[in-house]
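Trainee: Residue numbers (our numbering), protein chains in the order written: chain E, 20 to 192; chain R, 20 to 192.
Hints were generated in silico from the structure; no laboratory data involved.
Worth double-checking, as some hints may not be accurate.
For identical chains, the list gives no copy identity; a pair is met inside one copy or between any two copies.
Claimed, not checked - Here are the simulated SDA-like cross-link-like pairs (lysine to any residue), alpha carbons at most 20 Å apart as the crow flies:
#1 174 x 123
#2 26 x 84
#3 136 x 173
#4 148 x 161
#5 169 x 59
#6 26 x 119
#7 136 x 86
#8 141 x 166
#9 169 x 57
#10 174 x 31
#11 122 x 170
#12 169 x 189
#13 28 x 83
#14 28 x 46
#15 148 x 76
#16 174 x 161
#17 176 x 87
#18 28 x 143
#19 122 x 43
#20 141 x 85
#21 136 x 101
#22 106 x 94
#23 169 x 192
#24 176 x 189
#25 174 x 150
Protein chains: 2
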Amino acid sequence: MTFRRLKRKTLHRARVFTLDTETWRGPDGRTFERQTIVHPGAVAIVPFDEDGRILMIRQFRPAVERFLLEIPAGTREAGESPLLCAKRELAEETGFAAESWRKLGAVYTAPGFCNEKILLYKAWDLYPKHAEQDEDEHITPVALTPAQVKQAVRKGKICDAKTLSALLQLQWL
Amino acid sequence: MTFRRLKRKTLHRARVFTLDTETWRGPDGRTFERQTIVHPGAVAIVPFDEDGRILMIRQFRPAVERFLLEIPAGTREAGESPLLCAKRELAEETGFAAESWRKLGAVYTAPGFCNEKILLYKAWDLYPKHAEQDEDEHITPVALTPAQVKQAVRKGKICDAKTLSALLQLQWL
């Protein structure tokens, strides 16, 4: 079974991603078209404080028109290594740096139409580190015990896919 | 804290989603721009067979240029209820219908730039039901025991965010 991309053309360049149209040929020889969001990739971090609480953030997400409770995360900048990106985002979003890091897995957020891949990390041994927030992010840090996190998932109060994915990877580590 | 969307304009209409540009005003009075993928929403199903195995599917995903192991899922059609959509997708992708259904939670797949919301279901008491596959989907069903699923997550062989999210919701039900 082989699939081959025959053509790709960018239809629109947005700030963070592009919208491309692609022509593919499937193993049966038929060609088909897809519109794909081409994204630079991202990282997300599950940071544990010294009391074993998970540092999450509450932020307004214009795309879904509501506040969401999520783990710290951010889009990779050009040429930036994933771990460096994770350290930058952790500081910007929570005001902490971490001495200890461990890779969890990777997730594709919406593989039906978007190539975004998020690399997930666990971080601990935190210490305060000042960093500027992006002006339009309006982020509030929230520390939750593992029991509170579980309860929040059960009640549907955590419904961000990368956050739930990271929690499962931690649970089944 | 209030955020208000002041303007929205569609820049491009793709087959499944549109790319919109939006102007928002934040609680500090400042305005900012966002490009948003506006998606009709989707459903995904964790189907259990009579041996307690989870019916997953392996399919080629052009957007990420690889095969992924995922739970059955699909995009909602105009006016289609989520449960009806879940029943249609389960039949199309696995060849089974289910007598018993239970809602799990909902997830936002990529809330930083996309409004896609996936409603998740558990389905059991399966019986065979023929349905046509979409021509370009090339789907192979794979039945995995819960232990095999856990092992696959640990080894990074399941890296689709909606699938991991649904598995956590089941685990913490």
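Trainee: Looking back at the numbered hints, which does the structure fail to meet, lowest number first?
Mentor: Per hint list: 5, 6, 9, 10, 14, 18, 19, 20 and 25 violated.
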